[in-house]
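Asker: Sequence:
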Amino acid sequence: MPEIRMQDYKALARQWRPQSFQYFVGQQHAITALQQSLKRKSVHHAHLLTGTRGVGKTSLARVLAKGLSCIKGVTDVPCEQCEHCKAIEQGNYVDLIEIDAASKTKVEDTKELLNQVHYPPVQGRYKIYLIDEVHSLSANSFNALLKTLEEPPEHIKFILATTDPQKLPITIQSRCIQLHLQQLTEADIAKQLEKILTDRSTTFSHQAMMTLAEAANGSMRDAISLLEQAIALCKESIDDELIDNMLGRAPKADIKSLVHSIHNNAKEKISEHLGKIEKNQLNYHTVIDQMITYLYQVTQQQVLSTGNEANKTDTDDKRFGEEQVQLYIQQLIKAKGELDLYPDQPMGFNLTVLRMMAFKLEQTSLAELI
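The sequence shown runs 1079 to 1448 under the numbering used here.
Hints are computed from structural coordinates only; laboratory data are not their basis.
Be a bit skeptical, because a hint or two may be false.
Here are the computed lysine-lysine pairs in the DSS-like style, where the Cα-Cα straight-line distance is at most 30 angstroms [to be verified]:
(1) Lys1414 / Lys1345
(2) Lys1313 / Lys1334
(3) Lys1313 / Lys1354
(4) Lys1273 / Lys1345
(5) Lys1357 / Lys1412
(6) Lys1150 / Lys1117
(7) Lys1150 / Lys1189
(8) Lys1414 / Lys1245
(9) Lys1334 / Lys1438
(10) Lys1273 / Lys1088
(11) Lys1182 / Lys1164
(12) Lys1345 / Lys1313
(13) Lys1357 / Lys1245
(14) Lys1414 / Lys1347
(15) Lys1245 / Lys1330
Small disclaimer: the values here were computed from a predicted structure and weren't measured.
Using the sequences provided together with the hints, build the complete structure.
Answerer: Right, here's the structure in full:
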């Protein structure tokens, strides 16, 4: 029987990697700056892209490389059809040299690389060096790179990317155009996730997408990876329950009920919640984060009278004193750092709940308890 070969599977994050400026989510300030420099044919010889993981640094660098290398000329709208654009998209364009600095930290590696900068490009008008995680280079490697950045050949463009720009020497930073890519908003991430699922004809709940966006901490790549996991788990629809179970989260209604039960010393209700958390094998660090988030929303309403409409607190929440809410938050933050010091996490979490019940502001002062 002949062997059945499955088509190479491409991860969802790679399928939805932006291939031109118009497909990026957020980062408008950086995109505008790059587009304008391409339009004016005045692209600086070195750009430094900074920002947390999964916000588009490498993708933006590759689109800039397309703009510099497109056969139709330097442009802010690469054709995406020519030999050069397609080669960059496929990762085999000979004049785009991508380096992972985390694996090439030695000065010998850097010198060997930079010795080639004086050779002209093979296909395009520029030879482009994309150095990812550039902060991982050694001090001697930075010195070697600095010499090239000071007097770069006309056919060379550098695009440096890092999640930790503070580790770069100021001499390197000062010779680059620095563009900081911000963490994406939960609303922008959720909108993109919904677009992906609509394209796949997969049904979903908006709240489930907002929960995934929150868990991604501003990273689109992390959000899409989580979405891919949810797609693998879902049978018909991606709903709130599936996402909560996947992330080890408790339903928001349960978090609110637990906090109120602690405040009201409702022992039977608390015991019920603790049993449910352990039975469902929820992530205790995540549950603590959820409790802190809920109390943060309460204090926003109390002190600032602001907050997302979807997170507006009700009349019951107003029974918390402002200082009492702050005490609960401080107790939970302390517990999060100590959770792994207990014989097991359920014990640590349960003792945290008992401590929150035992110490109230009517018994002592806030300063004494924090």
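Asker: Against this structure, judge whether each hint is valid.
Answerer: Right, here's what the structure says about each hint:
1. For the hint pairing Lys1414 with Lys1345, the CA-to-CA distance comes to about 22 angstroms; that is within 30 angstroms, so the pair holds.
2. About 29 angstroms separates the Cα atoms of Lys1313 and Lys1334, which keeps this hinted pair within 30 angstroms; it holds.
3. This hinted pair checks out: Lys1313 and Lys1354 have alpha carbons roughly 24 angstroms apart, not beyond 30 angstroms.
4. Between Lys1273 and Lys1345 the CA atoms are separated by roughly 44 angstroms; this puts the pair beyond 30 angstroms, and the hint is violated.
5. A C-alpha spacing of about 25 angstroms is found between Lys1357 and Lys1412, which places the hinted pair at or below 30 angstroms, so the restraint holds.
6. Pair hint Lys1150 plus Lys1117 holds up; C-alpha atoms about 13 angstroms apart against a cutoff of 30 angstroms.
7. For the proposed pair Lys1150 and Lys1189, the alpha carbon gap of about 33 angstroms is over 30 angstroms, so the pair is violated.
8. The hinted pair formed by Lys1414 and Lys1245 meets the criterion: a straight-line CA distance of about 29 angstroms does not exceed 30 angstroms.
9. Between Lys1334 and Lys1438, the direct Cα distance comes to roughly 18 angstroms. Compliance with the 30 angstroms bound is thereby established for this hinted pair.
10. At most 30 angstroms may separate the alpha-carbon atoms for a hinted pair to count; Lys1273 and Lys1088 meet this at roughly 18 angstroms.
11. Between the alpha carbons of Lys1182 and Lys1164 the distance comes to roughly 27 angstroms, so the proposed pair stays at or under 30 angstroms and holds.
12. At most 30 angstroms may separate the alpha-carbon atoms for a hinted pair to count; Lys1345 and Lys1313 exceed this at roughly 37 angstroms.
13. The hinted pair formed by Lys1357 and Lys1245 fails the criterion: a straight-line CA distance of about 45 angstroms is larger than 30 angstroms.
14. For the hint pairing Lys1414 with Lys1347, the CA-to-CA distance comes to about 23 angstroms; that is within 30 angstroms, so the pair holds.
15. The straight-line distance between the Cα atoms of Lys1245 and Lys1330 is roughly 40 angstroms, outside the 30 angstroms bound, and the hint therefore fails.
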